Amino acid sequence: MTQEHHEHISSVYDSELEKLGKLLAQMGGLAETQLDAAMDAVVRRDGEAALAIKDKDRDIDALEKETEALVLRMLALRQPVANDLRLVVSTLKTASDLERVGDYAKNIAKRASVLAQLPAAPSTAVIGRLGRLVQQLLKDVLDAYLQRDMAKATAVWEADAEVDALYTAVFRELLTYMMEDARNITACTHLLFIAKNLERIGDHSTNIAETLRFMISGQPFEERRPKDDASNYAIVEPKGG
Amino acid sequence: MSAIAEFAEPSTGTNSPMVVARDVNVHYGQAHALKHVDLDILQHEVTALIGPSGCGKSTFLRCINRMNDVIDGCRVTGKIELEGADIYDKRLDVVQLRARVGMVFQKPNPFPKSIYDNVAYGPRIHGVARTKSEMDEIVEVSLRRAGLWEEAKDRLLKPGTGLSGGQQQRLCIARAIAVNPEVILMDEPCSALDPIATAKIEDLIHELRQNFTIVIVTHSMQQAARVSQRTAFFHLGNLVEVGPTEQIFTNPHDDRTQGYITGRFG
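Residue numbers (the numbering used here), protein chains in the order written: chain A, 1 to 241; chain B, 1 to 266.
One chain only, chain A, in its complex shape (with noise of 0.2 Å):
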């Protein structure tokens, strides 16, 4: 991109640029915490985490609403195109993405909640691993889109596989404690729970890799994304009779 024309001839048409810029940091950083703030909570058994949690849940949906009203009236006032146009659309993609992110994470701490009430479940250091990378990718996604960072985004969407078998290995582990001991059950339950709500989250971050390709080159990705989720096909038999 040339540098000299980096700027709009309308500065206040620049100013809304750079707003849009803002509210998509902003909640970033929010879902980035309230995912942390959840798996803290899951981790250390804490049940009154959750309830800040939702709370401060209701902040990224209302920096979403703020996002997508001018996105709007950015599309009515300004009839953007090109790259600008670009721009606005994967604004409100990715806010979108972003809210959901924060309404997931709020969903493990309410599950946190419960599983503090329950007696310690087996330890599966597997969901642990799928925590840490999941809040390693989000991070990563939004390093990239901040900084128009390519490389670092290709690297989040091809990790979505790595997410999958992860998410796979949980199933299959949380499949056999709840068999081998039925009082696991219920803990076990909201475990899953808590592990599809991660590997849910790692999607959306795919989706804001796809959403930042698209952007930058107003293409999308060339390739199908690997996909390792064999959970759906995952049959686990009972050990010995």
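Read the hints as simulated data drawn from the structure, not as lab findings. Nothing here was measured: the structure is a model prediction, and the numbers come from that model. Accuracy of the hints is not assured; some may be wrong.
[As the list claims (entries may be wrong)] Below, a list of computed lysine to any residue pairs in the SDA-like style, where the Cα atoms sit at most 25 Å apart: (1) A/K110 x A/A182; (2) A/K19 x B/G263; (3) A/K19 x B/T250; (4) A/K19 x A/L92; (5) A/K93 x B/E246; (6) A/K139 x A/D59; (7) A/K22 x B/G263; (8) B/K107 x B/G162; (9) A/K93 x A/Y13; (10) B/K200 x A/L77; (11) A/K93 x B/Q247; (12) A/K93 x B/T250; (13) B/K200 x A/Q79; (14) A/K65 x A/R200; (15) B/K200 x A/L75; (16) A/K139 x A/E64; (17) A/K110 x A/R44; (18) B/K200 x A/V81; (19) A/K56 x A/Q135; (20) B/K200 x B/L157; (21) A/K19 x B/F265; (22) B/K107 x B/V94; (23) B/K107 x B/P159; (24) B/K200 x A/A76; (25) A/K22 x B/T250; (26) B/K132 x B/A99; (27) B/K107 x B/S164; (28) B/K113 x B/G165; (29) A/K152 x B/N251; (30) B/K107 x B/L97; (31) A/K65 x A/L77; (32) A/K93 x B/N251; (33) A/K19 x B/N251; (34) A/K110 x A/D57; (35) B/K200 x A/R78; (36) A/K93 x A/K139.
Dock chain B against chain A, hints included.
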């Protein structure tokens, strides 16, 4: 893709070229106004020429019907073909050319004659109609095609200048199509019109393209995006980029094109 197909009539890129320009240069005295332009205008499509003031788009438009001939000190080089025939060929009748390639200007310019005579003028001097009723039919068909018949049919003998701006422009379009052109050139046809008249003319352009090939110069990016299938961007006398309108406005190849259409310069 199919949702778009329902509404879009994108440039096929495969319609045969009606006008072919190769290495066209135009000088006004010493000033090199148009530089090495290669451009195909495809049949039954609307091609929009856009670009900042002084970029050469109107100059190029005027090449197609040799209107530049009447400008003192204007020199055109290169090749321009209409349906495969060189328009500068000595054997070609330039008056005939201007019947085949009609033009509509920015400021509506009806003749100081009746509505009927405005439309009949061209066919008369070209001897197209043999009887009065043939001429009546030509006038009616032209006015219908220009979307003006209903408003004009009860005042055909009244002066054309008595119409509103938008109506006058449609009269000028009727006048152009009365001689059955192949190409209609439009130089900012809506600049002097209000939004409703503009919308009517844009609708008209959409219908006209079934029968004619249209080239339109416009300052409005949105208008170019709305009415055309292909868009050509001119800058400082150069043809910078030409392509399907949808591609030009969503993902242009050239930074200059993007800079202009997004309002970063111009």
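Results of checking the hints against the structure:
Taking the CA atoms of A/K110 and A/A182, the gap is about 23 Å. The hint holds against a cut of 25 Å. Restraint check for A/K19 and B/G263: the C-alpha separation of about 18 Å stays at or below 25 Å, so the hint holds. Distance restraint check for A/K19 and B/T250: the Cα-Cα separation of roughly 22 Å lies within the 25 Å cut-off, and the hinted pair is therefore satisfied. Restraint check for A/K19 and A/L92: the C-alpha separation of about 13 Å stays at or below 25 Å, so the hint holds.
For the suggested pair A/K93 and B/E246, the alpha carbons sit about 21 Å apart, so the restraint of at most 25 Å is met. Between A/K139 and A/D59 the CA atoms are separated by roughly 19 Å; this keeps the pair inside 25 Å, and the hint holds. For a cut-off of 25 Å, the pair hint linking A/K22 to B/G263 stands: about 22 Å separates their Cα positions. Of the supplied pair hints, the one linking B/K107 and B/G162 holds, its CA atoms being roughly 15 Å apart against a limit of 25 Å.
Between the alpha carbons of A/K93 and A/Y13 the distance comes to roughly 20 Å, so the proposed pair stays at or under 25 Å and holds. With a C-alpha separation of about 22 Å, the suggested pairing of B/K200 with A/L77 holds against the 25 Å cut-off. The suggested pairing of A/K93 with B/Q247 holds, with an alpha-carbon distance near 21 Å, which does not exceed 25 Å. In summary, the hint linking A/K93 to B/T250 is supported, as the alpha carbons are separated by about 17 Å, within the 25 Å threshold.
Between B/K200 and A/Q79, the direct Cα distance comes to roughly 21 Å. Compliance with the 25 Å bound is thereby established for this hinted pair. Restraint check for A/K65 and A/R200: satisfied, since their Cα atoms lie roughly 22 Å apart, inside the 25 Å limit. Taken as a hint, the B/K200 and A/L75 pair is honoured in the structure, with Cα atoms around 24 Å apart against an allowance of 25 Å. Taking the CA atoms of A/K139 and A/E64, the gap is about 19 Å. The hint holds against a cut of 25 Å.
Simply put, A/K110 and A/R44 have alpha-carbon atoms about 14 Å apart, close enough for the 25 Å limit, and the pair holds. Using a Cα cut-off of 25 Å, the hinted pair B/K200 and A/V81 holds, with the two alpha carbons roughly 24 Å apart. A hinted pair counts as satisfied when its Cα atoms are at most 25 Å apart, and A/K56 with A/Q135 qualifies at roughly 18 Å. For the given pair, B/K200 sits about 24 Å from B/L157 by alpha-carbon distance, which is consistent with the 25 Å threshold.
Between A/K19 and B/F265 the CA atoms are separated by roughly 22 Å; this keeps the pair inside 25 Å, and the hint holds. Under the criterion of a C-alpha separation no larger than 25 Å, the hint pairing B/K107 with B/V94 is consistent with the structure, at around 24 Å. Taken as a hint, the B/K107 and B/P159 pair is honoured in the structure, with Cα atoms around 17 Å apart against an allowance of 25 Å. Restraint check: the Cα-Cα separation between B/K200 and A/A76 comes to about 21 Å, which is no more than 25 Å; the hinted pair holds.
Of the supplied pair hints, the one linking A/K22 and B/T250 holds, its CA atoms being roughly 24 Å apart against a limit of 25 Å. Annotation: proposed proximity of B/K132 to B/A99 holds, straight-line Cα distance about 21 Å (limit 25 Å). Distance restraint check for B/K107 and B/S164: the Cα-Cα separation of roughly 12 Å lies within the 25 Å cut-off, and the hinted pair is therefore satisfied. The suggested pairing of B/K113 with B/G165 holds, with an alpha-carbon distance near 16 Å, which does not exceed 25 Å.
Straight-line distance between C-alpha atoms of A/K152 and B/N251 comes to about 23 Å, which keeps the hinted pair within the 25 Å bound. Taken as a hint, the B/K107 and B/L97 pair is honoured in the structure, with Cα atoms around 22 Å apart against an allowance of 25 Å. With a C-alpha separation of about 18 Å, the suggested pair A/K65 and A/L77 falls inside the 25 Å cut-off, and the hint holds. About 18 Å separates the Cα atoms of A/K93 and B/N251, which keeps this hinted pair within 25 Å; it holds.
Proposed proximity of A/K19 and B/N251 is supported: the alpha carbons are some 23 Å apart, at most 25 Å. For the given pair, A/K110 sits about 12 Å from A/D57 by alpha-carbon distance, which is consistent with the 25 Å threshold. Of the supplied pair hints, the one linking B/K200 and A/R78 holds, its CA atoms being roughly 23 Å apart against a limit of 25 Å. The suggested pairing of A/K93 with A/K139 holds, with an alpha-carbon distance near 18 Å, which does not exceed 25 Å.
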